[in-house]
Amino acid sequence: MITVVLPYHLRNLAGVEGDVQVEVVGSPTIGSVLEALEARYPVLRGTIREHVTLRRRRLVRFFAAGEDISHEPPDHLLPEPVASGAEPFYVIGAIAGGSG
Amino acid sequence: MSRVRVLVGTKKGAFVCTSDGNREKWDIQGPHFIGWEVYHMKASPVNPDRIYASQTSSWFGQVIQRSDDGGRTWTTPGSTEEERMTAWGFPGGESNKFVYDGVPGTHQNFDGTQKPWEFKRVWHLEPSLTDPDTVYAGVEDAALFVSTNAGATWRELSGLRNHDTGPQWAPGAGGMCLHTILQDPSNPQRMFVAISAAGAFRTDDGAQTWKPINRGLQSNYIPDPTAEVGHCVHRIAFHPSRPDTLFMQKHWDVMRSDDAGEKWTEVSGNLPTDFGFCIGVHAHDPETLYVVPIKSDSEHIPLDGRLSVYRSRTGGHEWEELGNGLPRQHCYVNVLRGAMSLDSLDTCGVYFGTTGGQLYCSRDSGDTWKPIAEHLPGILSVEVRTLP
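So the protein sequences, as listed, match chains A and B. Per my numbering, the first sequence starts with residue 1, numbered consecutively. Per my numbering, the second sequence starts with residue 1001, numbered consecutively.
There could be a bad hint or two in this list.
Here are the computed distance ranges between Cβ atoms for each label pair [as the list claims (entries may be wrong)]:
hint, chain 1, residue 1, chain 2, residue 2, range
1, A, Ala96, B, Lys1263, 54 to 62 Å
2, B, Pro1185, A, Asp75, 48 to 56 Å
3, A, Ser70, B, Arg1242, 24 to 32 Å
4, A, His76, B, His1330, 51 to 59 Å
5, A, Ser70, B, Trp1074, 24 to 32 Å
6, A, Ile95, B, Asn1270, 44 to 52 Å
7, A, Leu59, B, Trp1074, 50 to 58 Å
8, A, Gly26, B, Val1099, 27 to 35 Å
9, A, Ile95, B, His1330, 33 to 41 Å
Here are a few chain A residues that sit away from chain B, every Cβ distance over 10 Å (derived from the structure) [to be verified]:
hint, residue
10, His9
11, Glu17
12, Glu80
Not close to chain B: a few residues of chain A, all C-beta gaps over 12 Å, as computed [unchecked claim]:
hint, residue
13, Thr3
14, Glu23
15, Val25
16, Gly31
17, Pro42
18, Thr47
19, Glu50
20, Val52
21, Phe63
22, Pro79
23, Gly85
24, Glu87
25, Pro88
What the hints contain is simulated information worked out from the structure, not anything from laboratory work. As the structure is a prediction and not an experimental result, all values here were calculated from the model. All C-beta atoms in this analysis are idealised placements derived from N, C-alpha and C, irrespective of residue type, glycine included.
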């Protein structure tokens, strides 16, 4: 099981409290974890990555085992601590406030 | 006694305000969707308890919400366990999927270059006059979408965006948005939309084809001031009993058409400034109009720091200042294009919200004003529904 930490607004949207767990067949990648997450919480489709293109939304970032992996491709393997469930996969709303 | 329900979309969530017909004591529920921008909410004319809401964020994109109990509880359409399983057994979750039809093509950008159409958000939701499950969405970058399953899925009505003039459309300061949708109650094939900055358009064949209706508009800030498209139309409105008579608040100028947009004439008359965003029509007098004049397209504040609504009882040209109960000094808010609405009670209530979070109500057609709320987040839209 992969533990995913969602930002505040997406936890509210998905109706969850705290971290969420998703199951991935095989070695987990960024793409496979997001697919599992969206399958379990369809309301998150389009909020982390865009519909159709599946590109990461501009102000969303991915962190794993202390590394920013936002720019890695979807088939990028998640590091062992995340794959083993010891550490979470972070979906983060970028620090880009300022308009109020 | 009749009641009214005021739906308020703000920069940080949605509010639902209700009152009895006296409109003196208000119950304010919210914020719903706290921290998200809510560009617009509107109830179905067929079922006033069915409300559609556009919830959006620069971070997480578009979400469509629906309430079937007058705004008490909300759901993302198509998200129940039964609804979200497709024929192939996979979850749906497509209520926020706005995908342009075909190859989107390009439109004009600020610098004159061509830029691919890119969906950003839903500005306006217009429920069908006859079917509570059908709702239209006006989006940025400008296009018209429709859902016929209560918001669960959407498809583009691409005849509009594919108009020959599409590559000439350009964004205004707020983005290239389709912000106004009017359905002709006397002709189900006819609909009007307005786009900043392209202009007004009309369909007479149920959204298959569209015609720019901008003749008579003069916009001195564009290369050809009388061009077929390119005008920054801020809002259009009509009285449902006279859908051929349209009123427009343009970037500059208040305009009127008596032939469904074929030709416009200016009716700014004695307004102290004819710049503004919103425009509304009295519920019982099709010749009584309301605007909020704003000082210039650079400052976006009330004239002399005094917030006033202006009313014309003559279909334009002659305007009177209405300020009894509104701030008379030190007021520097704006009133955006979607932030005015009118109820249909006998005395016709007029409502508007400001970028400073004040929500005002007049119970007497604009003669006097009182705040419903004074410290909401910046108000993007106001819609009023009179309830039995």
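Consistency of beta-carbon spacing, B/Arg1242 to A/Ser70, with hint 24 to 32 Å: About 55 Å separates the Cβ atoms of A/Ser70 and B/Arg1242, which means 24 to 32 Å is violated.
Nearest-CB test (12 Å) between chain B and A/Thr47: At roughly 4 Å from the nearest Cβ of chain B, A/Thr47 sits no farther out than 12 Å, so the non-interface label is violated.
Interface-negative label, A/Glu87 against chain B, beta-carbon threshold 12 Å: Correct as stated: the minimum Cβ-Cβ distance to chain B is 23 Å, above 12 Å.
Non-interface label on A/Pro88, tested against every C-beta of chain B at 12 Å: Since the minimum Cβ distance to chain B is about 19 Å, A/Pro88 lies beyond 12 Å and the statement holds.
B/His1330 and A/His76 - C-beta distance against the hinted 51 to 59 Å: 55 Å, holds
Status of the given 48 to 56 Å range, CB of A/Asp75 versus CB of B/Pro1185: For A/Asp75 against B/Pro1185, whose Cβ atoms are near 54 Å apart, the range 48 to 56 Å holds.
Non-interface claim for A/Glu23, where every Cβ of chain B lies beyond 12 Å: Answer for A/Glu23: holds, closest chain B Cβ roughly 15 Å.
No chain B beta carbon within 12 Å of A/Val25's: Consistent with the label, A/Val25 stays out of reach of chain B, its closest Cβ about 15 Å off (over 12 Å).
Status of A/Glu50, Cβ more than 12 Å from any chain B Cβ: The assertion about A/Glu50 is violated, with a minimum of 7 Å to chain B.
Cβ separation check - A/Thr3 to all of chain B, threshold 12 Å: A/Thr3 is indeed farther than 12 Å from all Cβ atoms of chain B, at 20 Å.
Least C-beta distance from A/Pro42 to chain B larger than 12 Å: 2 Å, violated
Distance restraint evaluation - A/Ala96, B/Lys1263, Cβ atoms, bounds 54 to 62 Å: With Cβ atoms ~46 Å apart, the hint is violated.
When held up to the earlier numbered hints, the structure conflicts with 1, 3, 7, 10, 17, 18, 19 and 20 and fits the remainder.
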